[in-house]
Amino acid sequence: MSFQVSDNEGGTRMTDPRPAYVDPRTVGRRGFLKVAGAGVASASLLTMLDARQAPAQIKGTSLRMLKWSHYVPAYDVWFDDFAKKWGEKTGVKVRVDHIPHLELPARYAAEFAAGAGHDLIYFVGQILTGQYYRNLIDLSDVADNLGKKYGGWLESSKSAGQVGGTWFAIPDFFISIPVLYRKDLFASVGMGEPKTWDDLRNAARQLKPKGHPTGMQFSHCNDANHNWRALMYCFGVKETDPSGQNIALDGKEMRESLRFAKALYDEGMTPEVFSWDDASDNRFLASGVGSWIHDAISAFHSTRITNPKVFADTFCIPEVAGPAGLKWNVGEPNVWAIWKFSKNIPAAKEFIQHIADNQKEAMEASLGYNMPFLKEQYKKPMPYLGKDAKLSTLQDQEKINAFFGHPGPMTPAAQEVLTTFIIPDMFTRVARGADIEDTMKWGVGEIRRIYAKHKG
Amino acid sequence: MGVQTWWRTPTARRYLFGYTLLAPAVLYVSLLVGVPFAFSLYLSMSDASVGNPVARFVGLENFKAALENATFYTAVRNTLVFTVGAGILKGLLGTTLAFLLLQPFKGRKVVRALLVIPFTLPIAVSVLGWKWMFDSQFSVINWALSRLQLIGAYGSPDWPVWLGQPGLALFSVMFVNVWRGFPFSAIVLLAGLTSVPPEIIDAAKVDGTTFMQRFRLVIVPMIAPILFIGSAFDTVFTLSDLSIVYLLTNGGPDAATEILPTLAYNTGIRAGALGRGAAISLFLFPLLLPAMILLLRTLRRRQY
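Chains as they are written, first to last, in my numbering: chain A, 1 to 456; chain B, 1 to 304.
Among the clues, some could well be false.
[Said to hold, decoys possible] Straight line, CA to CA, 30 Å or less: simulated DSS-like cross-link-like pairs of lysine-lysine:
1. A/K340 / A/K148
2. A/K59 / A/K360
3. A/K441 / B/K131
4. B/K131 / A/K210
5. A/K453 / B/K64
6. A/K84 / A/K375
In short, the hints are calculated from the structure, not lab data.
Generate the whole structure from the sequences, applying the supplied hints.
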């Protein structure tokens, strides 16, 4: 007999505090003791989790975790120290490895093939929860506890952490990709704060002849994947249906967004955008040339350091609206996961809880970069963002947050569409003069082929 | 006495001894080359993914999927252009450099040592250096050309976007491969050239040959084995070179620099479709095999 109860999504939770309904006629003395014992153990664990006392069993163990090298180097310094202090407090020997985020997928493939590696792992941008969930431990107990404690999870967090309603990863934070614009340049053409993509296009059209074009990557880099999807979703494009199983891209909204991008490129950009990497737009803004960019706030911070004059006139807005008033910002999710072959599952789970409990400190250390996934952590004023007049606009970012595959989850098929850069390539083709219908035929065909493979 | 068993005959013993001596080499090659190759074949005919250890046999389905992908053909074309183009440039530059380094001049040893730097630098470091030099806004090459008034200023229509214009982007990644590889070609050639006895060259000179005649009719035939081995290595390395394209353009924009190794990596590892990734990478095999057979057969003929 096991102590399991159904949750409202039809799954089961081993540590659900609610008493299981047990038919008294079927319970014997031993059965009663088992049920009662399990109930007491679960209640104790939950009490311990609530009080954040590390279980004694992890003392004297070691925990190896793998993370990426954060865009804000100071955050990594803070994180390493944070992990070290937690290790000292709990008696766990902690080792944190940082590698560039693009190398993570290859590393995980190797760890999985070897059946050995880090005890606690991390997915960033490319969310591999759907790929590896059969080999990851069920973290529903941790997710439920955190959700209960912090007012629930954002809707988008399910896409990052769940497969089939079960939490196989715990969302840590997401990176928001807002609009950064030059207030002085916009004012010079009689414009105020941009509210819509049309406003951005108008500004670029007027400012390009004055030597201040705009730019979004038409290349094979992360930002190209985020930015064009943000435009698409604001134009009402749905990449898949909510189940994530069927593509829904082939509609007039997608054609409209391609048409808009072509106009935006012709009127407001220069060919350099075809060669840009993730940092090119940062430099473009900091150089004083760019009138606006669509990028993470690293561009904001780097401009602060490299060009204070330009920085003084650089402002930030969460996103601009599409023709029907829709606003979606496509962020970069970061999640924790634990291999089934992890040698220290209890310590790994404990650490995930600990970092979630210290999200405020993490957000401060990341200079407002790390946007939380838990609703209560959006209480204003938010750490760092709340204190910065320009960045305080991002405190409502949770309302417009979406990820690739939207409105469906980040499935392995959506992941393949992302990593093969089909969406940026569609925009590139149209910007370079290809016929929209031909481009749709090619792009949708490629995407259909990928989804068919994953279904088969 | 009874009939002598076959394995005790001198011939059998000789064979046995020979094969025993050969066995470690066969085992070594089988483990290092045969097993990974067989594993690639297995993956390419399965629906293996990075997260699913239980793979189904799908026959030639993954090869069919690659052939249905329009980007695949672009990648094959780019791979051939990249390999052949870079090979020719490395051959020309390497030969020129080798002859220059053969001449006596002050500091020749230092120059020879410095030449290997591109080849010995960690590829990530050197490619990032080139990425900066090809930057769309701050390219030192463009700024130099602009100062020399060979191109306009930043923002003008003739300002080259090295990694953004399709033809230029492929040329740029090829150029970095050449920059990295031609010192190796030069060193291989230099080793060959120094092994040619000077009296043969002198005799050819006395016979009134020109430099090109000596090179074509005397030097090349003599150093042919070295040239073939060098070419074979270079072809293999260039054809399977992932790092330069991955770091500079990741195959973009719009597959302008997509080559088979980047397509295989992005499909097999980043997207997790191991089976399809393996199938794409195995298309390198029929490209390489004829080149290798041709080179090795020519080499063998010349040895007799």
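- Message: Which constraints among the numbered hints does this structure fail? Numbers only, ascending.
- Response: Number 3 - this is the single hint that the structure violates.
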